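Participant: Residue numbers (UniProt numbering), protein chains in the order written: chain S, 1 to 263; chain B, 1 to 263; chain V, 1 to 263; chain R, 1 to 263.
Incorrect hints may appear among the rest.
You can't tell identical chains apart in this list, so a pair holds if it fits in one copy or across any two.
Simulated pairs of lysine to any residue, SDA-like, Cα-Cα distance not exceeding 25 Å [as the list claims (entries may be wrong)]:
hint	residue 1	residue 2
1	LYS33	TRP195
2	LYS33	VAL111
3	LYS35	GLN212
4	LYS5	ALA237
5	LYS85	SER249
6	LYS85	ASN217
7	LYS35	LEU107
8	LYS85	GLY114
9	LYS5	PHE168
Keep in mind the hints are simulated off the structure, nothing from the lab.
Remember, predicted model here, so these are calculated numbers, not experimental data.
Protein chains: 4
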Amino acid sequence: MGNFKGHALPGSFFLLFGLWWSVKYPLKYVCRKNKSACYLGSRAGFQRLEFVEGIIKAVFALIGMVAEQFVPDGPHLKLYNYEEKHWDHLMNWQHATMYLFYGISGLVDIVAHGTNALPVAMDRMMLSLAVFIEGFLFCYHLHGRAMLDIHVHQLLLFAIFGAAVCIFLEVFFRGSIVLEMLRTSLCILQGSWFWQIGFVLYPPNGSPEWNQTDHTNMMFLTMCYCWHYAFAFLILAVNYTITTWPIASVEKGKHSSSTLLTA
Amino acid sequence: MGNFKGHALPGSFFLLFGLWWSVKYPLKYVCRKNKSACYLGSRAGFQRLEFVEGIIKAVFALIGMVAEQFVPDGPHLKLYNYEEKHWDHLMNWQHATMYLFYGISGLVDIVAHGTNALPVAMDRMMLSLAVFIEGFLFCYHLHGRAMLDIHVHQLLLFAIFGAAVCIFLEVFFRGSIVLEMLRTSLCILQGSWFWQIGFVLYPPNGSPEWNQTDHTNMMFLTMCYCWHYAFAFLILAVNYTITTWPIASVEKGKHSSSTLLTA
Amino acid sequence: MGNFKGHALPGSFFLLFGLWWSVKYPLKYVCRKNKSACYLGSRAGFQRLEFVEGIIKAVFALIGMVAEQFVPDGPHLKLYNYEEKHWDHLMNWQHATMYLFYGISGLVDIVAHGTNALPVAMDRMMLSLAVFIEGFLFCYHLHGRAMLDIHVHQLLLFAIFGAAVCIFLEVFFRGSIVLEMLRTSLCILQGSWFWQIGFVLYPPNGSPEWNQTDHTNMMFLTMCYCWHYAFAFLILAVNYTITTWPIASVEKGKHSSSTLLTA
Amino acid sequence: MGNFKGHALPGSFFLLFGLWWSVKYPLKYVCRKNKSACYLGSRAGFQRLEFVEGIIKAVFALIGMVAEQFVPDGPHLKLYNYEEKHWDHLMNWQHATMYLFYGISGLVDIVAHGTNALPVAMDRMMLSLAVFIEGFLFCYHLHGRAMLDIHVHQLLLFAIFGAAVCIFLEVFFRGSIVLEMLRTSLCILQGSWFWQIGFVLYPPNGSPEWNQTDHTNMMFLTMCYCWHYAFAFLILAVNYTITTWPIASVEKGKHSSSTLLTA
């Protein structure tokens, strides 16, 4: 994963999920408020969406695990090199472990929303754990790297642990639109910051490398992280408007027409 | 911002908001309790106040951002100095970023209280994030400064992160007078401590500078911080009394007169 | 305060409050459960108790502040020594500041329970802040002391911050017997640990001093701290039994006699 | 305890409790949902189970304490060696202290579920404290050991403090199946990790020792910890299925037969 693609790929996954959530949750919220205007807005429909989301999550995680194992310079399921007496490709194994927990979270989604054997709130707890494990492994991942490298990954940890806490709160405050928006914004932030890390540490197209020991670079990146977050909120605002506008105006139209009729 | 004015200005903003809140929230509380005695106390009136607050917040943030960019020794929107190959005026850019999030919080206030498109609780979440981002940027702001300088800014962080947590709790316990008073006290503390930082690091009127490496100075300032907080509660108590006294006594008067009439 | 008495005195105050609470809260709990058996158990009676508690707290705090200022080697309200250009008796000032916040908490108790001008939950918030400020000042109190000295004070911080969090939770879960018992146990722990600190750092009766740099001393004291906590729970259990036994048996007696009558 | 057995024994206790909980809580959940299909599922039955659990916990803790004191190289209740002037067998005393708090937790369980003198929520608070004290003593236990030794014990702390927080939350959200499953998973994790520590630090059967200073060993063990957790969830899933399947299908059978009858 130590190259540009290795950061762009997971970044794209997180962006994808973030963007999808930035459409789904406003839609769900506006449907709950204006029940008559919503054709998809039945509870069953949204439950089926969560089921499909679980399948996609599980499939992505499976692909991720297989890819980490069987890329040309991957471990091919070999964990310990007995000849040279050292662990083999630990990085790939760690990434596969991260994917594993997202896979478990996907499976729990499928069972919780496809059958009624499991309590529904388990999906949030497993997702929270999957995100926490991602952050946990990142924490012990950075030993002995350069200052700037550590810094950009530490910034990522804020988004990761913030999301883990936020999702854990959702176990108790399920369906709170505020927490769902917060989670969505942190997910988009994580996705776009993965891309940023790729650009900073492995500049594509032969741009010159960043100076890893310059303190002003660190200060700029801290600020840049905040801009990414502001940008995530911009995306959220745009998608929120696009999603809720038509339904709200349909509802308004109905109200005014029914007012006309009764008048 | 590295001068006396640069600390007095944001300090005044926080003091202004703190003082205003120390009038508004007791008023709201006493109006909710004694409904008959309150002419302004309608829900709509307080919602309009929040709307106006949002506008003022957004305007202040805009002025702050413009000022940080276009002061004589500011960056004038130039982020990177290509000739000398270094980042330009990063401090000013960081301060502008802090203002940016307060601006976003103001915009969310305007939309959440001016229309009914957004869930109302979003205003607290964005304010909490804005305060958190302020603290987050301060954390990475202090590299390589003198001991006393770092210490007075670290003390500030208690007020900032305390406020961020308190406001986040308000998402779930909205309208809790206890949390609102706590937030108000932390806001006044932040404002008055900004002034104190100005006096310590950039003593006006040619007073001698503080010894930056004397440990007893640090101990005094820690204690002084607590006195500022006690002072914030004094202000809160005075404003609370002034605000709630007339309404409570009007209410009492009515009660006794209605008791007379029915007697 | 740097002597045996200076630790035994505050320790006694905390023990006193802890022991009182270990009687009061079980009594309140059992009265709420068995309403008929309780003559004191009216809500008004317990509110009057909280009022009296506030007065005692405020008086103790005032005495503490005056004592810290006017003991023979105290600062006598002098904060800065202008001749020798250094801060005067900062330790005493810091302790007085701690007492100040307990005094404010006492005042808030008096107003909240004596009038109905203040929301009742403010008493818990101010107490939580007073305890937090105590811990906050302790944190910056320990610079440059010996290892064992720092360690025993750090252990104290667990009880202090634990109590602060517990009391803050009581703002939202007021009257939860579990939180009240937890607070009581932490208060007794704090009191008895103050005495222990006195015995360790300033052994009375000319016992030999503890070796401040021996690591096994540190390990023993950590364990000893846990024993103090177990002891606090023993006291709590004894007082709980003594307090609730008579009322519960009166209640039982009534039940059986009324069963006899109806039979 | 510094040998393989000393880690396998507590590990087995935690595994035992974890496995038992992984049967009990799903059973309780499915019984609450399908009331008619459950013969054991009466509230009284489950309360009696908690009572028995308390007895077992208290007995185990007593055995643990006695064993730590009276093993051949134990302290035999001697705390201080007056001849050689040093503390005696502090490790054993610390372990006995850990068991002491689990014993107190067991006693509280017995009283809270056997009589109605104590509020029921006290059992969770005492268990939370017992787990916290275990973690607290572990924190000050690791001074001066080798890097890998410290690391594997630090990993354990995540499971311990995670469980303490989770159980404390159960005071307020009692009976939440999500928190109960989380606690169960962390308990299994703790148990299996104790075994892993035994294998790493004291390899039985004369296998070669692990290199205590190799950083890749640390990285592998961090990942291995996550695998243990995934394994804990696998066990949980299997037991959940085995436990809830028969009752759910009985319930279904009844439904369909009653549908047949009414048809």
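Participant: Take the hints in turn and mark each one as holding or not.
Facilitator: We went through each hint and held it up to the structure:
When the C-alpha separation of LYS33 and TRP195 is checked against a cutoff of 25 Å, the pair qualifies neither within a copy, at 36 Å, nor between copies, at 46 Å. In this assembly of identical chains, LYS33 and VAL111 lie within 25 Å of each other by CA distance solely across copies; the values are 17 Å between and 28 Å within a copy. Taking the shortest Cα distances, LYS35 and GLN212 never come within 25 Å of each other, neither inside one copy (54 Å) nor across copies (63 Å). Taking CA atoms no more than 25 Å apart as the test, LYS5 paired with ALA237 passes in neither setting, with 29 Å inside one copy and 35 Å between copies.
Neither within a single protomer nor between protomers do LYS85 and SER249 lie at most 25 Å apart by alpha-carbon distance, with minima of 68 Å and 52 Å respectively. When the C-alpha separation of LYS85 and ASN217 is checked against a cutoff of 25 Å, the pair qualifies only between copies, where the shortest distance is 11 Å, while the shortest distance within a copy is 39 Å. With identical chains, the CA atoms of LYS35 and LEU107 are never at most 25 Å apart, being 31 Å at best within one copy and 28 Å at best between copies. Taking the shortest Cα distances, LYS85 and GLY114 never come within 25 Å of each other, neither inside one copy (46 Å) nor across copies (57 Å).
Taking identical chains as interchangeable, the C-alpha atoms of LYS5 and PHE168 are never at most 25 Å apart, the minima being 31 Å within one chain and 37 Å between chains.
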